[in-house]
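Chemist: With chain C held as given, fit chain U onto it using these hints.
For the protein sequence lines, the chains are C and U, in the order given. Counting from 1, one number per residue, gives the positions in the first sequence under the numbering used here. Counting from 236, one number per residue, gives the positions in the second sequence under the numbering used here.
It is possible that part of the hints are untrue.
Chain C regions said to be covered by chain U (calculated; three or more residues, Cβ under 8 Å) [to be verified]:
1. 76-86
2. 98-106
Simulated pairs of lysine-lysine, DSBU-like, Cα-Cα distance not exceeding 30 Å [said to hold, decoys possible]:
3. C:K60 to C:K107
4. C:K70 to U:K520
5. U:K412 to U:K520
6. U:K520 to C:K52
7. C:K130 to U:K400
8. C:K60 to C:K195
9. C:K107 to U:K402
10. U:K323 to C:K52
11. C:K130 to U:K402
12. C:K124 to U:K400
13. C:K60 to C:K70
14. C:K153 to U:K412
15. C:K52 to U:K400
16. C:K130 to C:K70
Rough simulated footprint, nothing fancy, chain C against chain U, three-plus residues with beta-carbon under 8 Å [stated by the list, open to error]:
17. 405-415
18. 419-425
For the record, the hints were derived by calculation from the structure and aren't laboratory data. From a predicted model like this one, the values you see are computed outputs, not experimental measurements. We treat Cβ as the ideally placed atom computed from N, Cα and C, and that holds for glycine.
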Amino acid sequence: MLEVIDLHVNYGGINALRGINLTIEENQIVTLIGANGAGKSSTLRAVMGLVKKQGKVLYKGEDITTLPTKDIVRQGIAMVPEGRRVFADLTVEENLILGAYTRSDRKAISRDIERVYDTFPRLKERSWQKAGTLSGGEQQMLAVGRALMSNPKILMMDEPSLGLAPRLVRDIFEIINVLRERGNTILLVEQNARKALERADYGYVLETGELVLEGPGQVLLEDEKVQEAYLGVTR
Amino acid sequence: MGDLSIFLQHLANGVSLGSLYALIAIGYTMVYGILRLINFAHGDIFMLGVYITFYGILYTPLPWWLVFLIAPAITGCIGILLEITAYKPLRESPRITILISAIGASFLLQNLGIVIFGGRPRAFPVPKLLNQVVRLGGVSINIVAFIIPIITVLLLMGLNYFINKTKTGMAMRALAKDYDTASLMGIDINRIISITFFLGSLLAAVGGIMWGVRYPQLMPLMGTMPGLKSFIAAVIGGIGNITGAVTGGFILGLGEIMLVALLPRLTGYRDAFAFVLLIIILLVKPSGIMGDKITEKV
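The following block holds chain C by itself, in its conformation from the complex (with noise of 0.2 Å):
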């Protein structure tokens, strides 16, 4: 469904990205796991078209690789941006609304916001608060949902579950399972492996800027390098 071809990425000399290829297929779990700098949130930016960048990027089988980011949001691609990013100053349903962006079907927007009440009904209780006054979960659970407010037909989720308490946690990633069983794809960014692995049909290991491994979610669950690096087995 989406598929990356020797993507790479320079900031200013620096090689963030050194040629890499990914392949999502429709309605999978793909993870990108890695330590801090190795290019995880790069590859989903450029994908969006935030950065600069050479290489393919094929959705469907076409070329999307030198469309504006509006234009790729309109392709059914939607992204939660790493630390959250919600819009602080607008309320939390003009957060919703400003995700459904792209689309103009009144009814079928509100029926969308009231299906991101019933996912997260914390937000529904603030939707007249703004955005910054909420609590960092809360604020997560915003920018899932905001990101829904498109359609997506793919997720890409940068670190959703970077800052947030165990219990929040958990309640991202069983939301990226209800997402799956509605028949969203996801591309998942994580620094926590072992949950992000554990429930990935598919999973890369990135390592400054290049990949270095790659196999089903459980296979590299068992993989003795990743365990020793990324989930702290320790031998």
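Modeler: Just chain U now, kept in the frame of chain C:
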């Protein structure tokens, strides 16, 4: 009694001058909010608005009120053009580069004005309907001193509705805070920036027309002083904040008129008042009356 009526007269004058500053200041503050750019050509856009109206009334068969409606729209389009030619190519450049481009655009528009319109001052054709003095109690006031604040308030209500209630307005507020995330929503950044310039320039032109009715003399350099003062108004109110810009505009307009009224000896320092106020604000509260606390994004 006499003192009171004179005071009321000054009050009305101050409010109407303040309205004009407010209308122009909104353009500065909206553009700053979105691009973090002081659009130094904004005062010259104001000037163009007045000249377009002038030529529209004198050289087209259109009735004056229709010209008053069309000219701001044309000026708005010129604002869009200004952004596309002078600022858009530099969007990825350091901020100082765009700022210099803004100063260049300002000089260009002024000198184009001198070449095309001529440097000689012209008289603004004030419609008879608007050129009347009314007496209320003991106060005699030019009718436009009443009309200007009313039109300003109506425009502000419209702008407020647009920014807070429409999807485009929401997108504008989102864009002002976070470019990347706004584009992740599918927002067309270029379109929102164009709309921002259109609205800012349109309001400046409305301010310009009312300025022309009130002080009926046109010159290609007429935008400089009102432009600078409105910029100061925007800074006083807290640049980037629309309510702040309006507040700053009224403070400046009222302050200027009252200074002259209460201390006639200082009349010659009228223009200095704005700059003194600017210095004080920058010393005491650099973020302005309603400005956000300056915080670094993490």
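Chemist: Hint by hint, say whether it matches the structure.
Modeler: Status of each hint after checking the structure:
1. 76-86: With 5 residues close enough to chain U, the hint holds.
2. 98-106: holds (count 4)
3. C:K60 to C:K107: holds, 28 Å
4. C:K70 to U:K520: Violated: K70 of chain C and K520 of chain U sit about 38 Å apart, past 30 Å.
5. U:K412 to U:K520: holds, 22 Å
6. U:K520 to C:K52: Answer violated: K520 of chain U to K52 of chain C is near 39 Å, above 30 Å.
7. C:K130 to U:K400: holds, 15 Å
8. C:K60 to C:K195: holds, 28 Å
9. C:K107 to U:K402: Judged against 30 Å, a Cα distance of about 15 Å means the pair holds.
10. U:K323 to C:K52: holds, 18 Å
11. C:K130 to U:K402: The given pair, whose Cα atoms are some 17 Å apart, holds under the 30 Å limit.
12. C:K124 to U:K400: holds, 20 Å
13. C:K60 to C:K70: holds, 18 Å
14. C:K153 to U:K412: holds, 27 Å
15. C:K52 to U:K400: violated, 34 Å
16. C:K130 to C:K70: At roughly 25 Å apart (the allowed maximum being 30 Å), K70 of chain C and K130 of chain C satisfy the hint.
17. 405-415: holds (count 7)
18. 419-425: holds (count 6)
Of the numbered hints stated above, those contradicted by the structure are hints 4, 6, 15, listed in ascending order.
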